[in-house]
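A.B. asks: Chains as they are written, first to last, in my numbering: chain A, 10 to 168; chain B, 10 to 168; chain C, 971 to 1053; chain D, 971 to 1053.
Among the hints, a few may not be true.
[Unchecked claim] Some, not all, of what chain D presents toward chain A, calculated at C-beta under 7 Å:
| id | residue |
| --- | --- |
| 1 | Q1013 |
| 2 | P1049 |
| 3 | G1052 |
[What the hints assert, rightly or not] Far from chain C, some chain B residues (derived; all Cβ distances over 10 Å):
| id | residue |
| --- | --- |
| 4 | P85 |
| 5 | A119 |
| 6 | H139 |
[Said to hold, decoys possible] Partner residues aside, some chain D positions facing chain A, computed with beta carbon under 10 Å:
| id | residue |
| --- | --- |
| 7 | L975 |
| 8 | E982 |
| 9 | G985 |
| 10 | C986 |
| 11 | G1006 |
| 12 | R1010 |
| 13 | N1022 |
| 14 | V1024 |
| 15 | N1028 |
| 16 | Q1029 |
| 17 | V1031 |
| 18 | R1037 |
| 19 | A1040 |
| 20 | E1043 |
| 21 | T1051 |
| 22 | G1053 |
These are computed hints drawn from the structure, not numbers from a lab.
In this text, a Cβ means the ideal position worked out from N, Cα and C, and glycines have one as well.
Residues per chain are reported as follows:
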Amino acid sequence: MATAALTVQVQEQAFDPGALQQALASADSGAVVTFTGHVRGGAGAAAVTCLELEHYPGMTERSLLAILEDAAARWPLLAAAVVHRVGRLGPGEPIVWVGVSAAHRGEAFAACDFIMDFLKTRAPFWKKEHGPAGAAWVESRGSDEERAARWQPSTDGAG
Amino acid sequence: MATAALTVQVQEQAFDPGALQQALASADSGAVVTFTGHVRGGAGAAAVTCLELEHYPGMTERSLLAILEDAAARWPLLAAAVVHRVGRLGPGEPIVWVGVSAAHRGEAFAACDFIMDFLKTRAPFWKKEHGPAGAAWVESRGSDEERAARWQPSTDGAG
Amino acid sequence: MLRVLFFARVREQVGCDSLELPWSEDRATVHGLLSGLCQRGPQWQAALGQPNLVVAVNQRVADSAARLQAGDEVAFFPPVTGG
Amino acid sequence: MLRVLFFARVREQVGCDSLELPWSEDRATVHGLLSGLCQRGPQWQAALGQPNLVVAVNQRVADSAARLQAGDEVAFFPPVTGG
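Taking the hints into account, I'd like the entire structure generated from these sequences.
C.D. replies: See the structure below:
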């Protein structure tokens, strides 16, 4: 099996989901699934005027790549990419983009979902929300751990 | 619950996934999941030089909208859209785009996957492949029916 | 009148996109309409006798017991393959 | 030497991004390193005593029994919240 093209970018600059998707698709992609996460604005006392994203340079890229490699070992992917922003972001701005290209849609959906679940629970990023009531670190959510636990360890050792 | 914005387009012209995604996202979208289906090129005797897409005008739009309404009744969506091309398409060209915007990623992934499963098995489109060996109608796949059968009827009657 | 439509492989096999037929007792159900159409010749029999033939009445999928009224639109087509 | 890093809430609580410490027998495990750091004051104790504290050794998640060698990079941080 051909090796999937895997790319990871951690950056301060904004990104364009359309351009990222265009760069991902290859001649054989039958199916492309993308996820884009945006800063939620909240409202009232919970309004978010700015989101600050801290990360662990080095470990972040390494863990994102490991997640893509796990996905490519489980499903026959043509390409998978993650772009994650760090620094200060405004409400509505895209934070994260995950794109997966495969011959068929089943594996493209599963792999994109899988990558997001592990990105949320394993990649060293931390969010701090700034709003009218001050700044507060976002708490991790048990529901994210539960989603990640849906994926049984891969047993077929493909890759 | 606010009503989700649902849009359906069936068209001969090419489309731009990036522009469609930009039009979909609203201020409250935390999560946007998109699916893009491309014409697979095949190879050798199975090479596809051109794909011809026939549809049932009227019923097509109606059945696509019904699928989006089903999805919006099952999950709290902010917006969902389908664009599907008809006519003649070349290898690698996008055929179909589905975009779903929601507050959280779980519902955005599930709804996008659901919409594709029912689009594949319920919307009246038919593909004919042209290649070096002549033209042939694409056969429907049992695996598509199996995927659609994964979704139990909605019991909570939301909508 | 009944408006009858054919799509994709079925359309090619019967060599016809659409036709209009007066409503009659013989055509009061999808089954009755189909039986009459099948008598038009072997290609019609072959195309409309396929076990996976799909029928839609007024743009909704129906079965062969579905009743027809004057003004209905009835379509015959193979399993769909879009997306 | 051991390179020790702190991130996010833990970084703010201890008031320090990173520090370098000589390797010693006392610091031959994550547990030993942590015990020493906790004695630096109540904020250190509070930040590093949290039950959900995550430890990474050389950029891989580890547990408190993990052994440390000179040259290792050890990081302490809260559960991640990216995406």
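A.B. asks: Decide, hint by hint, whether the structure agrees.
C.D. replies: Verification of the supplied hints:
Given hint, D:Q1013 at the interface with chain A, is violated; its Cβ is 16 Å from that chain's nearest Cβ, farther than 7 Å. Among the interface hints, the one on D:P1049 holds; its C-beta lies about 4 Å from the nearest C-beta in chain A, closer than the 7 Å criterion. Taking 7 Å as the C-beta contact cut-off toward chain A, the hint placing D:G1052 at the interface holds, the least distance being around 3 Å. Listed as outside the interface, B:P85 is consistent with that label: its C-beta sits roughly 25 Å from the nearest C-beta of chain C, beyond the 10 Å cut-off.
Here B:A119 stays apart from chain C, with its beta-carbon at least about 17 Å from theirs, past the 10 Å limit. Distance check on B:H139: its Cβ is at least 14 Å (rounded) from any Cβ of chain C, clearing the 10 Å threshold; non-interface status holds. At about 7 Å, the closest approach between the beta carbon of D:L975 and any beta carbon in chain A falls short of 10 Å, and the interface hint on this residue holds. Look at D:E982: its Cβ gets to within about 8 Å of chain A, closer than 10 Å, so that hint holds up.
Checking D:G985 against chain A by beta carbon gives a least distance of about 15 Å; that is not within 10 Å, so the hint is violated. Checking D:C986 against chain A: minimum C-beta separation of about 14 Å lies over 10 Å; hint violated. A cut of 10 Å between beta carbons decides the hint on D:G1006: the least distance to chain A is about 22 Å, and the hint is violated. At about 22 Å, the closest approach between the beta carbon of D:R1010 and any beta carbon in chain A exceeds 10 Å, and the interface hint on this residue is violated.
Taken as an interface hint, D:N1022 checks out: its beta carbon lies about 8 Å from the nearest beta carbon of chain A, inside 10 Å. Satisfaction of the interface hint for D:V1024 is found here, the shortest Cβ-Cβ separation to chain A being roughly 8 Å, below the 10 Å cut-off. Among the interface hints, the one on D:N1028 holds; its C-beta lies about 9 Å from the nearest C-beta in chain A, closer than the 10 Å criterion. Interface restraint check: D:Q1029 against chain A, minimum CB-CB distance 4 Å, threshold 10 Å, status holds.
The interface hint given for D:V1031 is met, as the beta carbon of that residue sits about 8 Å from the closest beta carbon of chain A, less than 10 Å. Annotation: interface hint on D:R1037 violated; nearest CB of chain A at approximately 19 Å, more than 10 Å. Because the closest C-beta pair between D:A1040 and chain A is about 19 Å apart, greater than 10 Å, the hint is violated. Because the beta carbon of D:E1043 sits about 9 Å from the nearest beta carbon in chain A, less than 10 Å, this interface hint is met.
Because the closest C-beta pair between D:T1051 and chain A is about 5 Å apart, less than 10 Å, the hint holds. Restraint check, D:G1053 versus chain A: the minimum CB separation of about 4 Å is within 10 Å; hint holds.
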